[in-house]
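Got chain A; can you put chain B on it based on the hints?
Going down the list, the protein sequences come from chains A and B.
Using the working numbering, the letters of the first sequence map in sequence onto residues 34 to 619.
Using the working numbering, the letters of the second sequence map in sequence onto residues -2 to 82.
I should point out that these hints are in silico values taken from the structure, not numbers from a laboratory.
Each hint should be verified, as a subset may be incorrect.
[Unchecked claim] The calculated label-pair distances, taken between Cβ atoms and stated as ranges, are:
#1 17(B) <-> 58(A): 52 to 60 Å
#2 524(A) <-> 49(B): 31 to 39 Å
#3 328(A) <-> 55(B): 14 to 22 Å
#4 49(B) <-> 65(A): 31 to 39 Å
#5 493(A) <-> 30(B): 55 to 63 Å
#6 25(B) <-> 524(A): 25 to 33 Å
#7 14(B) <-> 556(A): 36 to 44 Å
#8 328(A) <-> 61(B): 27 to 35 Å
[Unchecked claim] Just a sample of chain A residues kept apart from chain B, beta carbon distances all over 10 Å, derived:
#9 467
#10 527
#11 597
[Stated by the list, open to error] Residues of chain B placed beyond 10 Å of chain A at every Cβ, according to the derived structure:
#12 15
#13 29
#14 60
#15 74
#16 75
#17 82
Just so it is clear, CB atoms sit at the ideal spot from N, CA and C, and this is done for glycine as well.
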Amino acid sequence: MSKTTTEDTVQAERVDQSRFSSFVDVLRYHAAWHPSDQAYIFLPERGGERLSLTFAELCASAETLAGRLAEQAQVGDRAILLFSPGLDFIVGFLACLLAGVIAVPMMIPRRAGSRDASVAILADCSPRLVLTRRDLLIAARPDLMQRFQTNGLEWVFVDSCATGASKLRPSLPLPGREDVAFLQYTSGSTSVPKGVVVKHGNLIENSEMIRIAFGNTRRSTHVSWVPLYHDMGLILNALQSLYVGALCVIMAPVGFMQRPLGWLRAIHEYRAEVAGGPNFAFDLCVRRYQPEELQGIDLSCWKVAFNGAEPVRANTIDRFASTFAPYGFDPRSLQPAYGMAEATLLISTSRRNVGPSMRKVSREVLQRNQIVAPAQEHDSQILVGCGRQLPGEQLTIVDPETRTPLGPGLVGEIWVAGPHIAEGYWRNPEATNTVFKARTAAGGDQYWLRTGDLGFLAEDGELYITGRIKDLIIIRGINHYPQDIEETVQNCNLALRRHCGAAFSVPDQDDEEQLVIVQEIERTFRRTVAMDEIVASIREAIAKEHELTARAVVLIRTGSLPKTTSGKLQRQLTRQMFLAGSLLPT
Amino acid sequence: MLAENPSEAAIRDWCTEYLARALDLPAQTIDTQTTFARMGLDSANSVFLIVELEDRLGLELPADLLFEYPTICKLARHLAERTRR
Chain A
34 MSKTTTEDTV
44 QAERVDQSRF
54 SSFVDVLRYH
64 AAWHPSDQAY
74 IFLPERGGER
84 LSLTFAELCA
94 SAETLAGRLA
104 EQAQVGDRAI
114 LLFSPGLDFI
124 VGFLACLLAG
134 VIAVPMMIPR
144 RAGSRDASVA
154 ILADCSPRLV
164 LTRRDLLIAA
174 RPDLMQRFQT
184 NGLEWVFVDS
194 CATGASKLRP
204 SLPLPGREDV
214 AFLQYTSGST
224 SVPKGVVVKH
234 GNLIENSEMI
244 RIAFGNTRRS
254 THVSWVPLYH
264 DMGLILNALQ
274 SLYVGALCVI
284 MAPVGFMQRP
294 LGWLRAIHEY
304 RAEVAGGPNF
314 AFDLCVRRYQ
324 PEELQGIDLS
334 CWKVAFNGAE
344 PVRANTIDRF
354 ASTFAPYGFD
364 PRSLQPAYGM
374 AEATLLISTS
384 RRNVGPSMRK
394 VSREVLQRNQ
404 IVAPAQEHDS
414 QILVGCGRQL
424 PGEQLTIVDP
434 ETRTPLGPGL
444 VGEIWVAGPH
454 IAEGYWRNPE
464 ATNTVFKART
474 AAGGDQYWLR
484 TGDLGFLAED
494 GELYITGRIK
504 DLIIIRGINH
514 YPQDIEETVQ
524 NCNLALRRHC
534 GAAFSVPDQD
544 DEEQLVIVQE
554 IERTFRRTVA
564 MDEIVASIRE
574 AIAKEHELTA
584 RAVVLIRTGS
594 LPKTTSGKLQ
604 RQLTRQMFLA
614 GSLLPT
Chain B
-2 MLAENPSEAA
8 IRDWCTEYLA
18 RALDLPAQTI
28 DTQTTFARMG
38 LDSANSVFLI
48 VELEDRLGLE
58 LPADLLFEYP
68 TICKLARHLA
78 ERTRR
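Isolated chain A, as found in the complex:
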C-alpha cells in the first residue's frame, strides 16, 4: 500500500494527539485552554430558545452528571442514551466517558412500531442505566417506560440534575486507550443487532485521521442535522468539532427534512467550514431550492461538504454544485466519504480542496464486477470515487472467495486494517471472528476488517465502491436488512408464502433508492383473496415496522421467484427481472 503523502500532514495548528488518550482528555484540554469559547449551539425548529454551551460549561455539566452516574453504576456498566434532538445527548455521552460507563446511543423507538431494534439491543447489552429527560419520558412518551422494563434498570433524568455545584469525585479513574468507550448498534438485523465495541483509542485515532483528511482546525465550525445516535452525526460532526476545539451547531433532523435550506442558511450565518450528510441530503436541498429563501446567502465559507453513509451519485454532485455555485459554493468542497461503525467511522475520503474524482465505466460489464471503459454512451455509468485511504490505515482489495489481494482496477471486497478498527461485536465472538479477524491467503499475522463492500482501487489510489456482497438496502442513509422486511411482509397474510419473497431497492427518476417488494402468493389462495387488500396490508406493515414506503409491491405466482438449485433466494436476479418487467404477476 502506498505511503502517507505529504499532503496528508496538515501543518495548520496541529493538535498534539499523543497528549490525548481519550475524549476525557480532549474535553478537559479545551475547557482549560479556551473555556469561554462556544462548544455547541442547538438551533431548535422554528425559532424556539437557542441553547448553547461553552467548553467550560460542557465540561462542568458532564462532570456533574458523571458524579451521579458513578453513584448508580460500576465502571464498565452500560448506559443507554435516549434523547430527542438537543445538547443533552452530548453531555450524557461525555458523562459516561468520564464515569467509565459504556455509552449506548439509541434512536427513540417509534410510537407505532412494535418490531424495532430497541428490545433486542436492551437484551444484547443488558444496560444498568437509561439516560433521558423527564419531560421526554413522563410527558411525551410514557409508553417507553413499559418498553424498557427490565430487571435492575434505572432511569437517570438529566434535567433534574443541578449543574456546576458539586465537584467530580476524585476517585474516578481516567480512561485509557484500551478501555471501552461506547457501543454503536448500526449493524445486524432488527432481531439480531450487533453492537460495535469502540475503545477510547479507536475514537482518538479515527478523530485524528478525520482531522488530517478534512484539514480541520479550531476555526472549523460544523453545522449538523444528522442524528447523534447515528455514527456519522456523532463522530464526523459532534465529536470531530470537539476534538479540534471548534464550534458545532446542531439542528433537529426533522427540521432539516422540513426546511433543508435552513441548513444552508445556518452554514452561512455561522460561517461554517464543515457540514455534510448522506447523499439524499444534497438532493433534498436541490429539490426544495427556492431563490427567495436564499437571498444574501454566501456559502464561500463551506470548505468540507462531506457526502457519505449511502452511495454517492454523480448526478447529485453535479446538480448541487450548479444550483449553489451562484451563492459562492465551491464544487471542490464536495468530499465523498466512505466508512462504517466497525472502523469507528471513517475509512476513506477525498482531501480538502481537491473535489470528487469521477470515472466513466461500462454499466453492463460492471454488473459482472469488472471495470472497462464504456463502448457506447448508453452503456456508460459514472462512478464517484470515495477518496484515498487515511493516514495510518491499510486498505486492500481482496478476492472474497480465494482471499487473494487484487491489483489496481480489479473489483473485490474492501478490507481495512489500522488503529481505528474496533475490537469486535459486543459479546459475539463468532461474528467478531468472521468480520474483524480475516486473513489473506498469503497468511501473516495481519488481521483485517471485512467490510462486505465491493470496490476497486484506481492506479492513483482512489477507492471506488461498486456494490455489496450482502444484499443490504440503504435508504436515506439508514441500513435495512432485506430479511427483516421480507419477514414483515410474510407475516401480513396467510396467503403469502414464507421464504418466497424478496425486498430490494431500485433508483427512481431522481436517482433516490426506493423499496420494492416481490412476493409469491400461495396457489390455493389465488382466487379467494383480495389482492388490493393484501398489498395495502403489506404497505401498512412496512411503514409501521420499518419506517419505509414501499414504492412497488408485486405479487407473483407460486414458484416463480428466482432461487438457486439449492433453494437460496436470488434477490439480485429478482431485481433484474423486476426492472426488465419479466416477473409473472398473479
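Leaving out everything else, chain B in the frame of chain A:
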C-alpha cells in the same frame, strides 16, 4: 395548485393527487377514508406532505399532524376549518 382559502373538497383533491404522485399509484385507487399508514406513508414522506401543505395554505403545522388526522378526509376537514379561522 390550491386557491386562497380552499374548500375541504379542494384540499382533499390536492392531497389525493399529491399522494398519487408521491406513492406512484393511480389517483383513482387512493381512497380518502383509508389511513395514511395503510397507504404505506413513512415518516419522511409524511413530513414532505406536511411541508407542501404549509407552503400552500400559509399555515404552520405540527410534525405529527397525520397521527391526529390519519385519513385524507379528516385532514382536509381539519385544514379547511383552520384556514377559515
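Results for each hint:
{"no.": "1", "hint": "17(B) <-> 58(A): 52 to 60 Å", "result": "56 Å, holds"}
{"no.": "2", "hint": "524(A) <-> 49(B): 31 to 39 Å", "result": "33 Å, holds"}
{"no.": "3", "hint": "328(A) <-> 55(B): 14 to 22 Å", "result": "20 Å, holds"}
{"no.": "4", "hint": "49(B) <-> 65(A): 31 to 39 Å", "result": "50 Å, violated"}
{"no.": "5", "hint": "493(A) <-> 30(B): 55 to 63 Å", "result": "60 Å, holds"}
{"no.": "6", "hint": "25(B) <-> 524(A): 25 to 33 Å", "result": "29 Å, holds"}
{"no.": "7", "hint": "14(B) <-> 556(A): 36 to 44 Å", "result": "38 Å, holds"}
{"no.": "8", "hint": "328(A) <-> 61(B): 27 to 35 Å", "result": "32 Å, holds"}
{"no.": "9", "hint": "467", "result": "32 Å, holds"}
{"no.": "10", "hint": "527", "result": "19 Å, holds"}
{"no.": "11", "hint": "597", "result": "30 Å, holds"}
{"no.": "12", "hint": "15", "result": "14 Å, holds"}
{"no.": "13", "hint": "29", "result": "14 Å, holds"}
{"no.": "14", "hint": "60", "result": "5 Å, violated"}
{"no.": "15", "hint": "74", "result": "22 Å, holds"}
{"no.": "16", "hint": "75", "result": "19 Å, holds"}
{"no.": "17", "hint": "82", "result": "20 Å, holds"}
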